[in-house]
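A.B. asks: On the provided structure of chain A, position chain B as indicated by the hints.
Here are the chains, one letter per residue:
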Amino acid sequence: MISNANILSALVRGISIGYAAAYYFLSFGKICGVSGILYSSFKKNEPIRSTKIGFVLGLVAAGLCWNFSYPAQVTFIVTNSYWKLAVGGLLVGFGTAMGGGCTSGHGVCGVSRLSPRSLVATACFMLSGILTVWIFK
Amino acid sequence: MKSLRGFLIGLVFGSGLVISGMTNPQKVIGFLDIFGEWDPTLIFVMAGAVLTYAIFFHLWKKRPKPLFLEKWDIPTKRQIDRRLLLGAFLFGVGWGLTGFCPGPALVSLGFFKLESLIFVVFLLSGAALSRLENSKRQ
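Sequences listed follow chains A and B, in order.
Start counting the first sequence at 9; every next residue gets the next number (the working numbering).
Start counting the second sequence at -16; every next residue gets the next number (the working numbering).
No wet-lab data here; the hints were simulated from the structure.
There's no promise every hint is true.
Said to hold, decoys possible - Cut-off 20 Å, straight-line C-alpha distance, at most; resulting in silico cross-link-like pairs (EDC-like, lysine to aspartate or glutamate): (1) K44(B) with D56(B); (2) K(-15)(B) with E53(B); (3) K51(A) with D56(B); (4) K145(A) with D22(B); (5) K10(B) with E20(B); (6) K54(B) with E54(A); (7) K145(A) with E20(B); (8) K(-15)(B) with D56(B); (9) K119(B) with D64(B); (10) K54(B) with D64(B); (11) K51(A) with D64(B); (12) K145(A) with D64(B); (13) K45(B) with D56(B); (14) K(-15)(B) with E54(A).
Here chain A stands alone, though its shape is the one from the complex:
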């Protein structure tokens, strides 16, 4: 069972995600959805395109920083099945583009605003995620 200390620790760590997303909103007035930011950063003439590219680079830089400065914090256990990675990647890319968001856009930014679309989308991808793990784990 999860301990109270772990619950608190998880909550506090979540705060940094929520605050960064909110600060993005304060700065640029837009929803901090990673899939939206990533895909639109490829479009020529996209508004605040350099900001979006900067954000994506910041994400990668975060990984680099943690990897080199505090590798003990970086636990990375992933499937070694290339077909899962390929098919999974395609589905996540296609699905987030079609559905207009991912765990940050719908799950954090949308749910906290009680957006009906995001509430439904989040419930949907949680459900299919749970089902998929149940079948394929």
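C.D. replies: Chain B only, in chain A's frame:
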């Protein structure tokens, strides 16, 4: 400078993903493994993120405008359509297969793991396919 600010926000956001365990696919799959060895930790991470965002979003949107642009750009679409449902469903399947969603996948590129690279390449391909499909629909 806006792009620097974007970079710094991405750095903090990405760090949040690392310390919360979201960049560890095993942790994510554990969170989705409700019928198996369930690890509910990420629920509390999401709760923390959602509560924090809710508080500051509602506080800050009262301002006349954002810091660096001229107006707020909050989505107004409310209709729940088939694309939303199908898109979310497909996303969840991919998420369940790999334990990756876009943000953590990008962060994990910094870990220099082949799995991340494969995923991200297919992620971008999938998104491009969706764009193609969407443009053919019109």
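A.B. asks: All hints, please: hold or fail.
C.D. replies: Hints, one by one, checked against the model:
1. K44(B) with D56(B): holds, 10 Å
2. K(-15)(B) with E53(B): Answer holds: K(-15)(B) to E53(B) is near 13 Å, not above 20 Å.
3. K51(A) with D56(B): Measuring from Cα to Cα gives roughly 18 Å; hence the hint holds.
4. K145(A) with D22(B): holds, 14 Å
5. K10(B) with E20(B): Measuring from Cα to Cα gives roughly 11 Å; hence the hint holds.
6. K54(B) with E54(A): holds, 16 Å
7. K145(A) with E20(B): Given that 20 Å is the threshold and the Cα spacing comes to 11 Å, the pair holds.
8. K(-15)(B) with D56(B): holds, 16 Å
9. K119(B) with D64(B): holds, 18 Å
10. K54(B) with D64(B): Violated, because 27 Å separates the two Cα atoms, which is more than 20 Å.
11. K51(A) with D64(B): Distance of about 25 Å is beyond 20 Å: violated.
12. K145(A) with D64(B): violated, 30 Å
13. K45(B) with D56(B): holds, 13 Å
14. K(-15)(B) with E54(A): Between K(-15)(B) and E54(A) the Cα gap is close to 14 Å, so the pair holds against 20 Å.
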